[in-house]
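Undergrad: Chains as they are written, first to last, in the UniProt record's numbering: chain A, 1 to 268; chain B, 1 to 268.
No wet-lab data here; the hints were simulated from the structure. Any given hint could turn out to be false.
In this list, chains with the same sequence are indistinguishable; a pair is considered to hold if it fits within one copy or across any two.
Below, computed lysine-lysine pairings styled on DSS-like, alpha-carbon distance capped at 27 Å [what the hints assert, rightly or not]:
no. : residue 1 : residue 2
1   : Lys-127   : Lys-263
2   : Lys-203   : Lys-263
3   : Lys-242   : Lys-111
4   : Lys-263   : Lys-129
5   : Lys-3     : Lys-203
2 protein chains.
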Amino acid sequence: MKKQERIVLLGAGNVAWHLARALHLLNVGETEYIVTDIYSPSGVTACDLASTLGEGVHSTNDLSSLPQDADWYVFAVRDDALPELWTQLAHHTSGTWLHTSGSTDLCSMTKYHSSTGVLYPLQTFSKGKVLDFSSIPLYIEANNESTQARIETLAHSLSNEVHHASSEARMALHVAAVLSCNFSNYLITLAEELLSAHQLPSKALLPLLDEMIEKLHHLPAQEAQTGPARRRDQMVIERHLKLLHNTPELEQLYRLLSEGIRKRFDLG
Amino acid sequence: MKKQERIVLLGAGNVAWHLARALHLLNVGETEYIVTDIYSPSGVTACDLASTLGEGVHSTNDLSSLPQDADWYVFAVRDDALPELWTQLAHHTSGTWLHTSGSTDLCSMTKYHSSTGVLYPLQTFSKGKVLDFSSIPLYIEANNESTQARIETLAHSLSNEVHHASSEARMALHVAAVLSCNFSNYLITLAEELLSAHQLPSKALLPLLDEMIEKLHHLPAQEAQTGPARRRDQMVIERHLKLLHNTPELEQLYRLLSEGIRKRFDLG
């Protein structure tokens with residue numbers, strides 16, 4: 001019979017959702033990982049997530065109902081919800097504690113538990129969009145060697161791309177991810193809305209966006225830069241600012257980002 | 001023998017470079033398009049581009065040396081260089097004038113010539129990166145029906161995706177392209193530099209960026225939004241701002257964009 005490693009998952013948001021599906025019933029040699037319990041503050045999203053994993057996964061909004069002898073406690077919640085959870089669970093669970101946060105130091109968790117680590121997936125997760133977890137870069141860290149070995153086994157079973165990163169490196173990765181991904185997605189949201197406001201299809205930009213990213217597989221982003229600010233084409237910039245005049249926040253963003261690009265290429 | 005349509009290309013930047021390669025020796029039924037002349041202000045980039053097209057393409061920095069009886073005059077230069085070129089060539093060329101600008105009204109060209117139109121490729125072009133022109137969306141406009149028919153033939157020969165767009169719609173497309181593509185590329189540049197500054201590989205974000213765009217094929221950008229500002233995770237935002245404290249411009253951008261995202265989801 002297979003050995004089972006039981007996982008308690010705290011959180012039921014985007015990361016928890018994808019991680020639960022990747023972890024549950026994962027087989028590694030003689031070991032099978034199973035998610036036994038999912039916690040969320042209201043219990044509702046935990047229940048939704050548990051139901052997608054099939055029978056026998058327990059969901060709750062009550063921390064005291066969680067097993068205290070699981071092999072893993074995986075914390076996949078907003079960073080600002082972590083300290084409260086850790087305080088409540090401190091000194092009465094076994095196993096390894098793992099958080100998935102890009103911007104939380106490992107040592108901030110280690111004071112609550114003796115075997116702690118980080119498994120940070122550098123990816124953007126939305127519940128409705130299925131992902132191939134094996135290609136997601138995982139950045140791991142642990143507070144001692146035996147925990148590290150445990151996390152390495154788990155990480156390599158989940159993904160083909162596992163890296164070690166200190167808390168400091170992980171923070172830089174997370175900031176870079178927010179700048180490049182979350183903020184780009186926001187700018188694309190604004191662009192889609194502008195198109196809709198002009199009765200144009202909001203997805204008209206897809207071929208452009210596909211190529212923008214495709215180029216980055218071959219060129220540093222700085223070399224791939226195009227557009228009026230790069231060309232110092234002030235006439236176009238003025239026309240665009242005029243179009244955005246009725247949306248002052250958009251106008252301010254346009255001005256600031258164009259200025260940043262122009263300064264960068266003025267030097268060169 | 002094939003009928004030839006002779007093209008004079010004004011400009012030798014990124015758009016001109018890709019357009020020249022797509023147009024030169026293009027066969028459409030009994031017609032062959034050939035680029036006969038390329039102009040650039042210094043003549044140097046025109047010479048470089050001409051040499052990539054093979055023998056017999058003339059390059060110059062002298063407008064008066066251009067043929068006056070070509071079939072097409074294609075203006076692919078910075079918008080603020082257009083009026084001067086048009087003034088100099090007005091009333092002594094035949095054929096159809098075409099500009100490729102997203103943000104220049106057709107009527108601003110029509111006062112210089114009787115057959116005018118626009119062929120705006122909605123794509124980001126870098127000289128070193130080869131592209132499949134047939135999948136680039138082309139937005140066209142013309143000042144009369146016969147010119148429109150000529151441009152339609154040309155555009156459908158270049159691309160499988162040809163749309164009509166008024167000058168106003170084209171301007172909105174261009175602003176949306178700058179917001180979504182040029183500005184995202186700039187943010188990715190900043191992210192790549194941040195990673196390098198922390199001794200991390202600058203291309204570590206590629207799987208994330210690939211997925212960010214992949215998601216947009218399935219979801220509106222607003223629904224695809226993730227990150228600390230979306231989750232209103234103020235603790236993470238503060239930590240990131242602290243990391244960016246020594247780069248005030250980056251800090252300001254982070255603050256402004258996070259604020260924009262947060263406001264948007266505060267309403268929902």
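Undergrad: If a hint holds in the structure, say so; if it does not, say that too.
TA: Hint by hint, here is what the structure shows:
1. Lys-127 / Lys-263: Classified as between; 22 Å across copies, 39 Å inside a copy.
2. Lys-203 / Lys-263: between (31 Å within a copy, 23 Å between copies)
3. Lys-242 / Lys-111: Between copies, since 23 Å is at most 27 Å while 55 Å is not.
4. Lys-263 / Lys-129: between (38 Å within a copy, 25 Å between copies)
5. Lys-3 / Lys-203: Neither, since 49 Å and 39 Å both go past 27 Å.
Violated hints amount to a single one, hint 5; each of the other numbered hints is respected by the structure.
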